[in-house]
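Protein chains: 2
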Amino acid sequence: MQIAIVLFDGFTALDAIGPYEVLKRLPSTTLHFVAERRKIIHTSDGLVAMAVTETLADVPRPDVVVMPGGPATRELMSNEALIEWVRRAHESSAWTTSVCTGSLILAKAGVLSGLEATGHWMWLEPLREAGANPSSKRVIVQGKVITSAGVSSGIDMALALAARISGEDVAKAIQLAIEYDPEPPFDCGSPEKAGTEIVELCRRRAAAAKPKVPFDPDRFAREWAEQWNRRDVDAVLSHFASNVRFTSPRAKELMGHATVDGIEELGAYFRKGAPLLGTMRFVVDETIWDAARRTLTIIYDRHRDGGIQRACEIMRFDSQGLVREADALYGA
Amino acid sequence: MQIAIVLFDGFTALDAIGPYEVLKRLPSTTLHFVAERRKIIHTSDGLVAMAVTETLADVPRPDVVVMPGGPATRELMSNEALIEWVRRAHESSAWTTSVCTGSLILAKAGVLSGLEATGHWMWLEPLREAGANPSSKRVIVQGKVITSAGVSSGIDMALALAARISGEDVAKAIQLAIEYDPEPPFDCGSPEKAGTEIVELCRRRAAAAKPKVPFDPDRFAREWAEQWNRRDVDAVLSHFASNVRFTSPRAKELMGHATVDGIEELGAYFRKGAPLLGTMRFVVDETIWDAARRTLTIIYDRHRDGGIQRACEIMRFDSQGLVREADALYGA
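In the order they appear, the protein sequences are chains A and B. Mapping of the first sequence onto the numbering used here: residues 2 to 333, in sequence order. Mapping of the second sequence onto the numbering used here: residues 2 to 333, in sequence order.
Everything labelled a hint here was simulated from the structure, so no lab data went into it. Hints may be right or wrong, so weigh each one.
Given that identical chains are not distinguished, each listed pair holds provided it fits within a single copy or across any two copies.
Said to hold, decoys possible - Under the rule of at most 27 angstroms between Cα atoms (straight-line distance), these lysine-lysine pairs were calculated in the DSS-like manner:
1) Lys40 x Lys273
2) Lys194 x Lys25
3) Lys273 x Lys25
4) Lys273 x Lys194
5) Lys273 x Lys138
6) Lys138 x Lys253
7) Lys138 x Lys40
8) Lys40 x Lys25
9) Lys273 x Lys145
10) Lys145 x Lys40
11) Lys25 x Lys253
12) Lys145 x Lys194
13) Lys253 x Lys40
14) Lys145 x Lys25
15) Lys253 x Lys194
This one's a predicted model, so the numbers in the text were calculated from it and none came from an experiment.
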């Protein structure tokens with residue numbers, strides 16, 4: 002039995018990992034984390050980076066589809082390739098399931114037409130607009146379609162699914178193996194139970210959460226070059242962490258040592274070096290982004306006085322998106 | 002406030018992702034997934050591959066330590082560098098916490114000496130041996146130390162912690178945001194509730210679970226070369242998936258097309274090619290393993306009649322650990 006859990010940039014980690022932790026324990030099943038391309042997938046906060054195990058094309062007819070949700074679900078609804086994959090996979094699946102806003106994708110693929118379905122409580126109205134009959138139940142089974150409520154509900158959904166696939170005893174043994182004997186500290190896990198004040202607080206917090214744009218290496222490199230070209234040292238410095246370590250052959254000349262430690266010393270070095278650039282302009286040639294190592298390589302040309310010097314900077318980003326380590330390579 | 006969630010090869014994904022999904026929603030906090038080295042960390046089934054965001058050395062004094070557990074916890078107890086990091090981090094932490102068998106690591110670091118503590122129900126006796134006073138409660142707060150039971154309990158633990166860090170209203174809003182209103186399908190999440198039969202089934206299933214050895218690229222390459230050197234085509238074939246796609250300049254000569262599709266055609270090709278190797282011996286020179294892309298590059302020498310030909314095979318593994326795509330490069 003092939004189980005495909007869909008990943009996409011901006012997914013909610015627990016939406017996928019909750020069902021995974023249950024379904025991986027089923028006998029005689031093979032589990033895949035699928036996405037359009039074999040790459041590293043990031044949550045919208047950039048903190049969880051997970052690897053795709055198979056492409057959608059590699060697993061066209063899974064027995065079980067698990068569609069997680071997440072902050073990027075809205076944009077994902079216009080991803081024709083994924084929607085088409087879900088539509089086709091559902092034709093031959095034994096079970097088609099969703100967690101959280103993943104139900105919006107199922108709805109978009111036509112899986113939920115005329116069916117009662119659930120999803121995150123904040124997204125039930127969009128679910129109606131997408132063609133389902135929304136309900137605030139935690140897990141809803143409609144024929145071979147199972148939808149579940151927000152984030153953590155994927156665990157309940159997967160256990161219900163496990164019982165249907167391998168029988169109640171196996172599902173019970175799995176529930177015991179992951180010790181799913183929840184004791185939430187408060188009785189506020191649904192809007193009805195939480196009461197108006199907590200619902201409002203939750204909505205305000207969601208509204209205030211800064212939408213995180215996925216890191217765009219090309220845009221970063223372009224900005225960085227433009228900031229250097231207008232000699233805006235403060236703008237350049239804003240990309241670096243306070244505990245940055247910067248290595249450059251030029252630092253050796255200007256500061257007496259090739260390695261510059263900390264944002265203050267880096268500022269001093271940049272301010273010393275900027276006037277010496279003269280008419281030099283940076284033109285980005287290529288960027289290489291290694292998501293797993295959060296490392297950006299910028300290959301660029303330094304144009305001056307009709308001559309061009311090829312150069313390279315390698316920058317390693319910390320979890321806050323700031324450059325923690327950098328190496329400038331000018332060929333001295 | 003710095004929060005460090007420790008990762009290690011063979012961790013249980015939900016142990017880490019449950020607390021992450023809660024704690025990332027706290028105001029004014031920075032969350033890191035830390036490990037000894039910046040690399041891709043795998044669960045023991047090889048399916049979840051997560052990126053480390055900072056090294057242990059990068060975050061020596063986090064305000065909150067979260068130590069997940071997993072199948073590899075036992076081996077991890079002899080990792081002196083990690084144990085020392087936990088010991089030191091605990092000296093200045095505001096909270097030191099664990100999920101599942103992560104409590105064994107806290108115990109090993111001396112954090113639990115004389116304290117009541119919990120962990121996965123199957124691992125309470127080893128927890129006692131490690132110096133803690135085990136108890137089967139779900140979440141245990143002892144001063145600044147919080148331990149929690151198996152796998153899914155990290156969600157309860159993190160919500161209890163969130164309330165202590167940012168107040169009950171914020172914790173309630175987070176619980177509502179992840180819609181943690183659990184409805185486990187069975188009342189069997191602890192051994193007391195599950196009853197003897199399910200406990201026994203769970204134990205049998207755990208005992209039968211084949212311990213997964215982390216993929217060792219050097220060993221694989223060595224075995225592969227030895228299998229070729231003794232012309233054991235069946236042994237070589239055993240590494241390939243049924244739907245393998247193999248490309249080789251030699252296939253062009255022998256089969257009429259450079260790309261061989263499927264294990265049967267690959268077997269035919271290998272059987273045709275093996276006798277033509279004559280006295281050739283393969284000697285592995287170097288292996289490059291890209292864990293994120295599950296791709297192994299084997300650089301090797303083909304020794305024959307006193308001459309050496311340099312060659313390379315690039316193999317992409319599927320989620321079952323079988324080669325799905327391979328490219329042989331002999332320089333034709």
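Broken hints, numbered, in rising order? 1, 3, 4, 5, 6, 7, 9, 10, 11, 12, 13, 15
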